[in-house]
Structures are given as C-alpha cells and as structure tokens.
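Trainee: In case you want the letters, here they are:
There are 2 protein chains.
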Amino acid sequence: MAELVKVAVDAMGGDNAPGVTVEAAVEALKASDRIKVFLVGKEDVIKNELSKYSYPQDRLEIVNAGEVIEMAEPPANAIRKKKDSSIVVAMKLVKSGQCDAYVSAGSTGANLVGAQLLVGRLKGVDRAPLAPLIPTAKGVSLLIDCGANVDARPAHLVQFARMGSIYMENIMGVKNPTVGIVNIGAEEEKGNALVKETFPLLKECKDINFVGSVEARDIPAGGVDVVVCEAFVGNVILKMYEGVGGTLIKEVKAGMVSTFRSKIGALLVKPALKETLKKFDLDQYGGAPMLGLRGLVVKTHGSASVTEVKNSILQCIGFTEQHINDKIQAALDIDENQ
Amino acid sequence: MAELVKVAVDAMGGDNAPGVTVEAAVEALKASDRIKVFLVGKEDVIKNELSKYSYPQDRLEIVNAGEVIEMAEPPANAIRKKKDSSIVVAMKLVKSGQCDAYVSAGSTGANLVGAQLLVGRLKGVDRAPLAPLIPTAKGVSLLIDCGANVDARPAHLVQFARMGSIYMENIMGVKNPTVGIVNIGAEEEKGNALVKETFPLLKECKDINFVGSVEARDIPAGGVDVVVCEAFVGNVILKMYEGVGGTLIKEVKAGMVSTFRSKIGALLVKPALKETLKKFDLDQYGGAPMLGLRGLVVKTHGSASVTEVKNSILQCIGFTEQHINDKIQAALDIDENQ
Chain A
469 MAELVKVAVD
479 AMGGDNAPGV
489 TVEAAVEALK
499 ASDRIKVFLV
509 GKEDVIKNEL
519 SKYSYPQDRL
529 EIVNAGEVIE
539 MAEPPANAIR
549 KKKDSSIVVA
559 MKLVKSGQCD
569 AYVSAGSTGA
579 NLVGAQLLVG
589 RLKGVDRAPL
599 APLIPTAKGV
609 SLLIDCGANV
619 DARPAHLVQF
629 ARMGSIYMEN
639 IMGVKNPTVG
649 IVNIGAEEEK
659 GNALVKETFP
669 LLKECKDINF
679 VGSVEARDIP
689 AGGVDVVVCE
699 AFVGNVILKM
709 YEGVGGTLIK
719 EVKAGMVSTF
729 RSKIGALLVK
739 PALKETLKKF
749 DLDQYGGAPM
759 LGLRGLVVKT
769 HGSASVTEVK
779 NSILQCIGFT
789 EQHINDKIQA
799 ALDIDENQ
Chain B
469 MAELVKVAVD
479 AMGGDNAPGV
489 TVEAAVEALK
499 ASDRIKVFLV
509 GKEDVIKNEL
519 SKYSYPQDRL
529 EIVNAGEVIE
539 MAEPPANAIR
549 KKKDSSIVVA
559 MKLVKSGQCD
569 AYVSAGSTGA
579 NLVGAQLLVG
589 RLKGVDRAPL
599 APLIPTAKGV
609 SLLIDCGANV
619 DARPAHLVQF
629 ARMGSIYMEN
639 IMGVKNPTVG
649 IVNIGAEEEK
659 GNALVKETFP
669 LLKECKDINF
679 VGSVEARDIP
689 AGGVDVVVCE
699 AFVGNVILKM
709 YEGVGGTLIK
719 EVKAGMVSTF
729 RSKIGALLVK
739 PALKETLKKF
749 DLDQYGGAPM
759 LGLRGLVVKT
769 HGSASVTEVK
779 NSILQCIGFT
789 EQHINDKIQA
799 ALDIDENQ
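Chains as they are written, first to last, in this note's numbering: chain A, 469 to 806; chain B, 469 to 806.
Do not take every clue at face value.
For identical chains, the list gives no copy identity; a pair is met inside one copy or between any two copies.
Here are the simulated DSS-like cross-link-like pairs (lysine-lysine), alpha carbons at most 25 Å apart as the crow flies [to be verified]:
1) K731 <-> K746
2) K515 <-> K498
3) K721 <-> K731
4) K738 <-> K550
By construction, these hints were calculated from the structure, which means they are not laboratory data.
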C-alpha cells in the first residue's frame with residue numbers, strides 16, 4: 469500500500485469553525501482511505517466536536533494549538549506574533565515535512581502571508597498564486613492569480629501560466645490545456661501596460677498552449693482552461709461570479725413565485741433546476757490551491773460548507789500523489805536553463 | 469416650447485447597421501417629440517432604409533458621410549485618415565455645436581479616440597470615462613470607468629467619482645448617491661497601489677457621498693450607486709456581467725427543459741421569469757455615456773438591438789436638458805479653487 473497523504477487542517481479557521489472543519493475532516497476520512505488528517509487547534513474543543521462522530525481513529529490526529537488568528541487581524545502581524553495559532557502550527561507541520569498539505573477556511577490574508585513565510589516557495593518561484601477552479605459551461609477553468617499578489621510583474625504572470633497548466637493537466641486531466649490572458653479585447657495590441665508586456669512572453673513559452681487574450685465575457689462559457697491575470701483582476705472575476713450568480717439566482721427564484729401560475733411551475737422545474745445550479749455552485753469544487761509552495765496550501769471560503777472543506781481535503785490526494793511540485797520545479801528549471 | 473435636443477447618430481456603426489440604427493432613430497423620434505435626429509452616413513443607403521418607415525420628417529436630417537470605420541481598424545489611424553467617415557463627421561457636428569449629443573454602435577476604440585480628439589474634453593477634465601449603467605437587485609448603478617483609459621492615475625479616479633455622482637443624481641434621480649471604489653476587501657489598507665493612493669483622496673471629497681471600498685461581489689446586489697474603478701477592471705466587471713448572466717440563463721433554460729415534468733413547469737414560469745430577466749438585460753439601459761466631454765457621446769454595444777440604440781438616443785434628452793456638463797464644469801472648478 470502506498471503511503472497515506474497527510475493533510476493538516478486548520479480546525480479553528482472559518483466562520484463556522486470548529487463545527488464545520490471537524491465534520492468535514494471526518495467526512496473526508498470516510499470518503500477516502502488514502503489520507504490521514506491532522507486537526508490543528510484547541511485540543512479540548514476539537515475533542516468535544518469529534519465526540520459527535522465515529523471515524524477511523526488511526527487516521528486522525530489532534531495537534532494542539534492554543535491561539536486563534538481572527539478574520540480581521542492584520543495578517544503579517546498575526547502570523548509573527550501568534551506562534552501557537554492553528555494556522556502557524558499547521559503550516560509548520562507542512563514545512564517540516566510531517567504533513568504534505570494544509571487546508572484552511574481561516575483569514576485569507578494570514579494564510580497567504582503564512583504560506584509565503586512559513587511554508588516557503590519552491591526554488592525559482594517568485595510569487596505563489598491562489599488559483600481556484602471556477603465553473604464554466606464546459607466544466608471548470610483555473611483562475612490564476614486570485615488574491616495573493618497585487619501589482620504583479622510580467623515574469624510572475626508567466627510563472628502563473630506554467631503552474632496553472634501543470635495543475636490542469638495533471639490534477640484535472642485536461643490534455644494540453646489552453647491558456648489565455650485576461651484582456652479587454654482579443655487583439656495583441658490591446659490591454660494595459662502589464663498585459664501588453666506579458667503577452668509576447670507567453671507567446672514565447674513552448675511548454676504551454678497559449679491561445680492569446682480572453683475577454684472576461686468568455687470566461688464563464690469556458691473560453692480557456694487556464695485563465696491568467698494579476699490578483700486584483702482575478703479577485704474581481706471570482707467575486708463577480710459569486711455576485712452575479714447569487715443575485716441572478718435570487719431574482720430567478722423570486723420571479724418564479726411572483727404569480728400563482730408561476731408558483732405551480734416552480735414546483736415542477738425545481739428538481740431539474742437544482743441540478744443545473746449545483747454545477748455553478750463554487751462550493752462543489754473545493755478550495756483554491758496556492759501553487760509554487762513547498763507543500764500544498766488550500767484556502768477555502770470563510771463561509772465554506774462541510775462539502776467544500778471536505779472536497780478541499782480530498783483535493784490534496786491528487787496533488788501529492790501526482791507529484792505536482794516536482795513537475796512545477798522541473799518546468800521552472802528548464803526555463804532557467806534556456 | 470423648449471428647443472429640440474439635437475442628436476447625431478452614427479448610422480453606419482455596429483454589427484447590424486444601418487438597419488438597426490435607422491430603425492432605432494425612427495423609433496426614438498416616435499417615442500419623444502423633444503428630439504431631432506441627424507442620421508450620419510451614406511446618404512443613399514440611409515434613404516433606402518428610411519423608405520421602409522413613416523416618421524416625422526421635420527425632425528430627421530440626413531448628413532452624408534462617404535466612409536465607414538470598420539470594427540477592426542486601428543482606432544487612432546482610422547480617425548485621422550477617414551475624415552469623411554460617419555464617426556468623424558457626426559462628432560464634428562457635436563464639436564461645432566450643431567448637435568448636442570452623439571450616439572454610436574460602431575468601433576469602441578474609434579469612438580473613444582474620436583471623442584477625445586474631435587469632441588474634446590471639458591476644461592479641467594483629464595480623462596473622459598465611459599460609464600455604463602448596470603442592472604442591480606436594487607435598480608441600476610453607474611460603472612465608471614469602463615474602457616476608455618487603461619492605467620489611470622488616482623486623480624483621474626477622483627474626477628470619475630465626481631462626474632458619476634452628478635450623473636446619478638441628475639439623470640437617474642438618486643439623491644446623494646453613494647460612491648464606492650472597487651477593491652479586494654472592505655478595509656482601507658487593502659488593495660493595489662492605485663486603490664491605496666486613491667482611497668484617501670476620495671475620503672477628502674466633500675461633494676460626494678464616498679462610502680469606502682466595494683467588493684465586486686456586492687456590485688450586482690446594488691452595494692453602491694457609483695462604482696469607481698480604472699478602465700481595465702471596469703471592463704472586466706461589465707463583461708463578467710454579460711458572461712455570467714448569459715451562461716447562467718442559458719443553463720437555467722436548458723435545465724428547465726431537461727425532463728418532461730420540468731418542461732411543463734417551464735411553460736408556467738416563463739411569463740413571470742421573462743419579467744425578471746428583462747431587468748437584468750443590459751440592453752434595457754441604453755448605451756454608456758462618455759462623461760467630461762464638450763457634448764454627450766453615447767457608445768452602445770456593437771451588437772446593440774433597436775431597443776438599446778433607441779434608448780441611447782432618448783438618454784441624450786435628459787443629459788442635455790439637465791445641463792449635466794455645466795454641473796460637471798462647476799464641480800471641477802470648485803475643486804481647482806480649493
């Protein structure tokens with residue numbers, strides 16, 4: 469039997485911790501026998517939550533951490549000062565090699581800062597991007613970068629494109645994934661200074677399938693497999709997904725019960741519609757991996773459901789078993805020797 | 469009787485010109501007796517289209533322009549070389565004061581370049597932003613800037629905020645409209661360099677109701693009335709609206725007819741749902757005004773429908789009758805004397 473994939477879970481992170489995180493860990497253990505979970509946080513609190521469930525005890529360990537980093541704390545400061553927080557203790561498990569991966573629904577800022585400072589980047593990686601999968605009409609695309617590094621430079625975007633390609637090919641099984649750069653028009657001469665500088669660099673990359681610019685309107689249709697952009701733009705794209713989707717679905721639901729006639733119709737379409745909307749539910753796709761680190765860091769929404777946290781934990785299996793980091797390292801090494 | 473508002477329409481611009489543009493002009497004349505339309509383009513072609521309709525002939529004039537700027541032409545070059553194009557001729561009607569406003573579904577680039585070069589900016593205006601109305605759960609918000617000026621500076625964004633406020637208050641009737649800057653978090657210290665520099669400047673503006681950062685996810689819910697951002701981000705927001713909305717509606721429709729049961733339900737909910745989706749149809753809101761120019765320029769989608777072009781023409785009435793430009797000029801003058 470292959471070695472178990474060891475995943476550290478920030479039991480205290482997120483709006484509904486530790487209830488959601490502990491339940492998700494139990495669910496993940498039941499869903500796969502290829503993982504071992506390390507629940508990091510206040511031991512007594514975790515034990516209390518765990519007492520509600522039965523689970524394979526040999527594949528779950530509690531690692532005590534007495535402090536909690538709150539959502540609103542200034543990230544860099546929190547990481548530096550709260551050495552006994554669940555985030556810091558869990559990340560150190562990855563750094564030391566005791567764990568392969570780490571999952572948190574806690575403060576985005578603290579996780580992003582902590583990942584760079586504590587887990588550390590792979591050799592040659594300048595910035596570690598946050599890269600969520602987003603639902604499209606065709607399946608999913610990878611949106612890279614989405615929150616970690618504002619004001620990125622062209623060379624960073626090129627690394628994002630490479631890392632994103634490797635992820636989509638190896639984890640999502642997309643053969644020769646298409647890569648596009650987010651732009652305000654299809655032509656090479658369009659764009660802001662960053663995009664104009666990055667475009668020719670991407671064209672030169674022989675190890676990715678760069679297809680040019682992708683306009684934001686074509687992203688939900690599944691225009692390209694890997695959507696490259698700097699973090700501010702990526703954050704806007706991700707949140708427009710949530711915002712437009714959420715508002716539209718609310719309006720559609722309200723519209724459906726606005727007349728007596730439509731209310732009856734709504735009852736009949738509901739089951740079929742539920743399937744459709746599930747496809748566009750970001751929760752289904754687990755959390756967002758941060759790529760380019762010495763170990764996998766997966767960040768899920770603060771308001772993540774049990775399903776999302778569970779899927780985030782399970783996502784670590786493929787990442788570790790497919791040796792994604794070795795592949796990223798190899799791709800960047802080739803680049804340096806060119 | 470007050471003087472008629474005189475609107476120049478680029479009859480040759482857009483994917484479906486001159487059919488859509490000429491029909492829209494006729495519809496606008498029928499909808500309001502406060503406007504006169506100048507159809508600019510190839511006289512024989514326009515006459516041929518017009519022969520299909522009856523319309524108030526005393527309020528429609530044809531202005532001949534022998535050339536057409538195509539969608540894909542390099543904008544600056546096209547504006548400089550094609551002096552007899554419908555865009556150039558129509559804009560000169562505004563510059564000379566023969567017309568108050570101008571509407572086009574033609575090349576965005578050529579219109580943006582032409583507006584700055586030919587119509588010209590108001591005194592004190594550094595950049596003229598493109599500011600479409602976007603549908604929200606509460607009504608509409610103004611998204612400013614959305615395509616005219618990439619890589620804007622903080623001072624530009626402050627002017628956008630002021631001009632957008634004046635537009636929302638006077639044209640849309642929103643009392644003391646709320647103004648937010650698009651950001652990746654709610655806190656003042658978040659954001660990229662541009663946002664961090666702009667935030668304190670907006671806080672100092674006493675003539676606008678600045679409420680701080682707005683996250684992209686809150687825009688469709690109607691978080692603020694005036695959404696301030698630089699053009700690249702604005703373009704992404706606008707196109708995500710179209711993209712997510714379009715894809716989601718397509719999926720919902722497909723989901724509704726996926727089973728026999730849901731097909732019957734779909735027939736029953738259809739009329740109610742149509743009303744809801746109409747609210748989220750960007751076409752309903754006419755085109756996007758470019759603010760800060762010596763005259764109004766309204767740019768509609770290349771694929772604009774008759775309704776959108778008609779609404780764009782009608783939009784010019786309020787803008788002119790409310791003396792928006794005088795109000796913008798006054799606001800910027802106060803600023804200069806502060």
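Trainee: Okay, which hints does this one fail, numbers in order?
Mentor: Hint 4 contradicted; others consistent.
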